[in-house]
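Taken in order, these protein sequences are the chains called R and F. Note that the numbering used here has the first sequence beginning at 1, numbered continuously upward. Note that the numbering used here has the second sequence beginning at 1, numbered continuously upward.
Wrong hints could be hidden among the right ones.
List time: in silico DMTMM-like cross-link candidates among lysine to aspartate or glutamate, alpha-carbon distance up to 25 angstroms [unchecked claim]: (1) F:Lys32 to R:Asp139; (2) R:Lys109 to F:Glu146; (3) F:Lys1046 to F:Glu232; (4) F:Lys522 to F:Glu442; (5) F:Lys1067 to F:Glu1081; (6) F:Lys355 to R:Asp139; (7) R:Lys28 to F:Asp161; (8) F:Lys355 to R:Glu72; (9) F:Lys51 to F:Glu90; (10) F:Lys100 to F:Glu62; (11) F:Lys249 to R:Asp75; (12) F:Lys160 to R:Asp25; (13) F:Lys100 to R:Asp139; (14) R:Lys109 to F:Glu90; (15) R:Lys29 to F:Asp420; (16) F:Lys346 to R:Glu27; (17) R:Lys13 to F:Glu48; (18) F:Lys137 to R:Asp139; (19) F:Lys46 to R:Glu27; (20) R:Lys18 to F:Glu146; (21) F:Lys327 to F:Asp383; (22) F:Lys160 to R:Asp34; (23) F:Lys46 to R:Asp25; (24) F:Lys469 to F:Asp615; (25) F:Lys137 to F:Glu90; (26) R:Lys30 to F:Glu49; (27) F:Lys137 to R:Glu108; (28) R:Lys18 to F:Glu90.
Treat the hints as calculated values from the structure; they're not laboratory data.
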Amino acid sequence: MMRFLLLFSRQGKLRLQKWFTTYTDREKKKVIRDMMMLVLARAPRSCNFVQWRDLKIVYKRYASLYFCAGLETQDNELLSIEVLHRYVELLDRYFGNVCELDIIFNFEKAYFILDEFLMGGEVLETSKAAVLRSMEDADTLQETMEEYMSKPAY
Amino acid sequence: MSDVVEKTLTALPSLLSLDSQPGSAKLSSTSKLGNLIRGITELASKHEEEKLIQRELTSIKEQVSSPNTSMRQMKELMVRSIYCEMLGYEASFTYIHAIKLAQQGSALEKRVGYLAVSLFLNESHELLLLLVNTVLKDLQSTNLIEVCMALTVVSQMFPKDMIPAILPLVEEKLNHPKEIIRRKAVLALYKFYQIAPNQVQHIHNKFRKALCDKDPGVMTASLHIYLQMIQENPEGYKDLAASFVTILKQVVGGKLPMDFNYHSVPAPWLQIQLLRILSLLGKNDQSTSEIMYDVLDESLRRAEMNHNITYAILYECVKCIYTIHPKSELLEKAAKCIGNFVLSQKINLKYLGLKALTYVVQQDPKLALQHQMTIIECLDHPDLIIKRETLELLFRITNAQNVTVIVEKMLEFLRINKDDYTTTDLVGKVAELAEKYAPDNEWFIETMNTVFSVGGEMMQPDIPNSFLKLLCEGFDSEEEDRKLRQFAVDSYISLLQGEPGKLPQRFLQVISWVLGEYSYLKEELESATVLRLLTKLLDSKNTSSETKSWVLIAMTKLCAGGAGVSVAQELSEAYSSSLDTVLRQRAQELQHLSQDSEIRARVLSRDGLDSLEVDSSLSFLDGFVSEALAAGAAPYKPPHQRQEELAQSKALSLEPYGLSLPISMSACSITDRQSPTLLSISSGLSGDSTDLSHKGGSTTLKLDGVKRVWGKEGYLAQRELLEEAAHVEMPSPLRSPIQQGEAEGSHSQTPTPTPTPEPEQEKQQLASSLFVGLGSQSSVCLMGKSELPPQRFRRKAKSPGSSSGSSELSSNSTLSPPSTVDNLLCNNLLDSNTPSELDVPSPEPPPQLSQDLSTANGTCDVELTDTDLKESEPTLIRDNGVLATEDLDKPRDLCLSSHLPAELSGLCCSEITHLCSHQSLQLSTCHVQRDKSVVLVVFIYNSSDSDVQQILLKLDSDQLEVLCVCESPVKEVRSDSVAVCQYTLTVRRPSVHVEVAGMVSYMSPSGTPQSVQFSCKLPLTSFIRPLTVSTEEYGAMWLEFSNDTKQNLTLIGDGRESLTATLNVLKKKLQLHVVEIIGMEGIVACRLLQDHPCLMHCRVHAGTLAVWLRSPVADLPDCLIYHCQRALQEH
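Whole structure, please, built from the sequences with the hints as guidance.
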């Protein structure tokens, strides 16, 4: 089971955080700090797996963004790399040529996609089409609502 | 794909300034969030950012609390505050509004509300209770999106206590027509199962329905639950093995819709999940394993595409193959597969290859030999992770011959390592190895010195403890003990003369203890010198006060005689005014003991600690306590009772029963630091299943391994690696003459006589010293070429119940790599000159029996003197400890129950079960419940024509006390007759099932000694009797008992009578005494034989029976609740 998923930039800015088990705020901060220190310091082309405390850390860099997942000991590292990759694929499909900016400005969307893809730290939907379909469902709803309330917000 | 992102990002600055750029249309750049983000990007310093965010937060705060803010605006505000929180600024004032948004917003706003809640709060946050109603409402909504959102948030975070409130609704969703809803419901239940397993127990059959769902996605989701349940209880799901195999076959055969493919591999996630389940089911179970051989073979065959995902499947496949009952063909293929991983140029695969090797190496050490050059390269890999994993692998193959080299490598790594967790782990491993395989005193002490100085404060406390224990308890030989202690003293004196300020506190404590205890062993060493050194420690600024008290204790032991006393007086004066009370006490002790040599001799005798007896009940305080009580003091209450009374006095406790168990495994395990030794034991368990057939099968020596790998091109080509390897340290010739000899020996036998280049030679030497004694060991022994040095520090037998550290140690030694066991076996084989015996495959002995090395030894002896070799195969298997419980093919229609002793007939008696058969003897057993005891009856039936003599039946159990009833035990059984032995059993330590292990040895008619082992299990319920007490007595007892458990049980029947009905079932099945039923509450009492009471308080609440058990015996409530559950389920 995945314990957490973090997205952060090369500069050490957190872009997305998802916790699949209970952590206190202090623990979260510590994990985030440790992950950034650990992962950002890795030389290019070194192993994508790191051991941190009793967790396996799997990370992958896409352009300037690091995707970093904390796994339990019995999890399969290679498979998790593919989970990260599938998530990137999903983001890419949804945003069309996704870049870090998409995730910065529409981070709530990134969260929604993640919720359709992973649930409770396990893969919920492996089919790309299905995830996007459920995203679209929700988006149509949004569009109709936005048309409806197309007046300025304030 | 990443290239595209890269390109996009290079355009970042222009994107930010030009909104009209095509790609940026979807960036909501005009929104307030956009402005905020842009604002932050433009700032230069952290300080400015802080100011900006604070401004932003103030404005958000104003708007959220304004009554005019619409939900739509609220959504926007929420997104902004999520952003601020992500940057690390607290926005706790928005939490309540997030909940409100989830409550009142329309679909989309609700979604943001839920998202904000799940990001802001965690499971234990009190505000979460306010969300329960919203979730309930949304679960009942007709809008599918709302239902989905509710299920998502439920699986994300939900207060444990509130699960019962929504459970029926979630369960209902398992039948929903939409598969996405069913899938989410299954995963939500999975989450519930993780955090509160007892609450979803009753829906196990619904999980089965989910497993059979027509949508493969729902089925996949249900596998998560199954994996977890099977992990906890593999026995309970063996019947599903065939179904899982069928599913896997279909998946591998590409029968699933294309949608499930990932990079044209069919449903990899599903495949891996299934492989994991299969490996759990097939472990130690031959018949189940046999079902899966085909599909595993097919998986290996199909997964050939060169993509990460296929490697992931392969890796899981290999692990599975090595976990289940072995099949040689598959093992071969798996080994080849591991080879592909290890030799891969991709670093990720190499890493996993090492991991796989580590996993299998104890079963198949030859595999490590094959890859020894790769392993050595990995040892010098620039990536520390690879290095670390290699050390883990080496740790597994350590034996008495290569220990010095491996430990040296580990210490080398420790010196450059910066990660605390790794240090703690590795230090533990080094200490374990040092203790197990140390070649000599000098090495041992020096290694431990390094362990203490590197490990420092990060070390597990059991390492110094067990080290000191080892020193003080000593080994088999007095002389050796003395030498070891002397050496330790020598070494510590020289350390203290150096720079003691640099040593960690823990180490200083060890040093001072050893000096205090053993410096008298060095006659030329004056105690004044030692005292001076210790005083220096006391004066040092860096010494902590804990260490100082250790030092003072050491001085107390040393201060006898002229100079000592004056030093002691000075010090005790200095410290008797210390602010630290412990130090002050130590100073007082020092003062008094240094003056009065008589008391000193009595208190600090040099005989060691064995003579000390600890009065754990503190009975010497009884007088004091009774005086205090008489003077009107309040009686002592244990902490939990105090707390409870406090809670009761506050009176607002509406819910006396927690609705769930308080511990969530997944939640707490991140902070748990398992002891490294424990870790290594558990990970070592899998490797424990040493299979002789793999190891002893071939007689190839390790030299072959060297040669083979030597010739490989891959290795020779890597020049730059070779250069690095030049730094590889040689095993120091002084310390390891054996290894050196081995290395040279292997070198001279290498068939290529051409001189190899220098670095390669070094590598090769390193290889031969690392891999010495691996795999080839048994063959070496057989040929009588070398003798393994005996394990040095063999501990004396210790009394049971000593500290956990020691029990760990003893189990360590039994779990040690094959060497010790092999050695025993081989020596025996050598004696009798029947080496071919090694080829007989011996199935893995069950752990409880294999622990006893001496038994294994003994049975082996018996086997070898057995002249009747035709029969030896099956008996060998049996003698190795496999219970022949299934061996029922012989006709067994004798009526054993008629042999039941007269005094036991008519009592409640269990079914007679077959224990084991051996040649002509058949053993069966039953147990009879008497009022005050449980009697175990063992029937020995001799079916042969001749009498069997010298029968000796031994029973033993950890959990039980076994007493033989008859005074003269059975000695012989006449042909075709039955002998009966009786034993009374008393529970020593309650557990759900108690187990008795036994061994019967006898002289067969042909005059050869034989022995068989067996074991039988009894449920704890056999030991439970009703306890007749009145309600008042019950009340008084309730408060006294300290161990309790709470749980919810299912009620039987419904309506008013359900409580009575449920209690009656329990009463009938478990022999409980129902004291009284008042309305919706009932109290029940029982006792565990002889007289351990257990009280049970039941209350009907929300359709379940909330049960609270209390007892003075630790595990009794937990065991009893288990049986209650079972009893109700069976009903």
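Hint-by-hint comparison with the structure:
no. : hint                   : in the structure
1   : F:Lys32 to R:Asp139    : holds, 21 angstroms
2   : R:Lys109 to F:Glu146   : holds, 17 angstroms
3   : F:Lys1046 to F:Glu232  : holds, 20 angstroms
4   : F:Lys522 to F:Glu442   : holds, 16 angstroms
5   : F:Lys1067 to F:Glu1081 : holds, 15 angstroms
6   : F:Lys355 to R:Asp139   : violated, 44 angstroms
7   : R:Lys28 to F:Asp161    : holds, 24 angstroms
8   : F:Lys355 to R:Glu72    : holds, 15 angstroms
9   : F:Lys51 to F:Glu90     : holds, 14 angstroms
10  : F:Lys100 to F:Glu62    : holds, 16 angstroms
11  : F:Lys249 to R:Asp75    : holds, 22 angstroms
12  : F:Lys160 to R:Asp25    : holds, 19 angstroms
13  : F:Lys100 to R:Asp139   : holds, 22 angstroms
14  : R:Lys109 to F:Glu90    : holds, 22 angstroms
15  : R:Lys29 to F:Asp420    : holds, 18 angstroms
16  : F:Lys346 to R:Glu27    : violated, 34 angstroms
17  : R:Lys13 to F:Glu48     : holds, 16 angstroms
18  : F:Lys137 to R:Asp139   : holds, 22 angstroms
19  : F:Lys46 to R:Glu27     : holds, 23 angstroms
20  : R:Lys18 to F:Glu146    : holds, 21 angstroms
21  : F:Lys327 to F:Asp383   : violated, 36 angstroms
22  : F:Lys160 to R:Asp34    : violated, 29 angstroms
23  : F:Lys46 to R:Asp25     : holds, 21 angstroms
24  : F:Lys469 to F:Asp615   : holds, 20 angstroms
25  : F:Lys137 to F:Glu90    : violated, 30 angstroms
26  : R:Lys30 to F:Glu49     : holds, 21 angstroms
27  : F:Lys137 to R:Glu108   : holds, 24 angstroms
28  : R:Lys18 to F:Glu90     : holds, 17 angstroms
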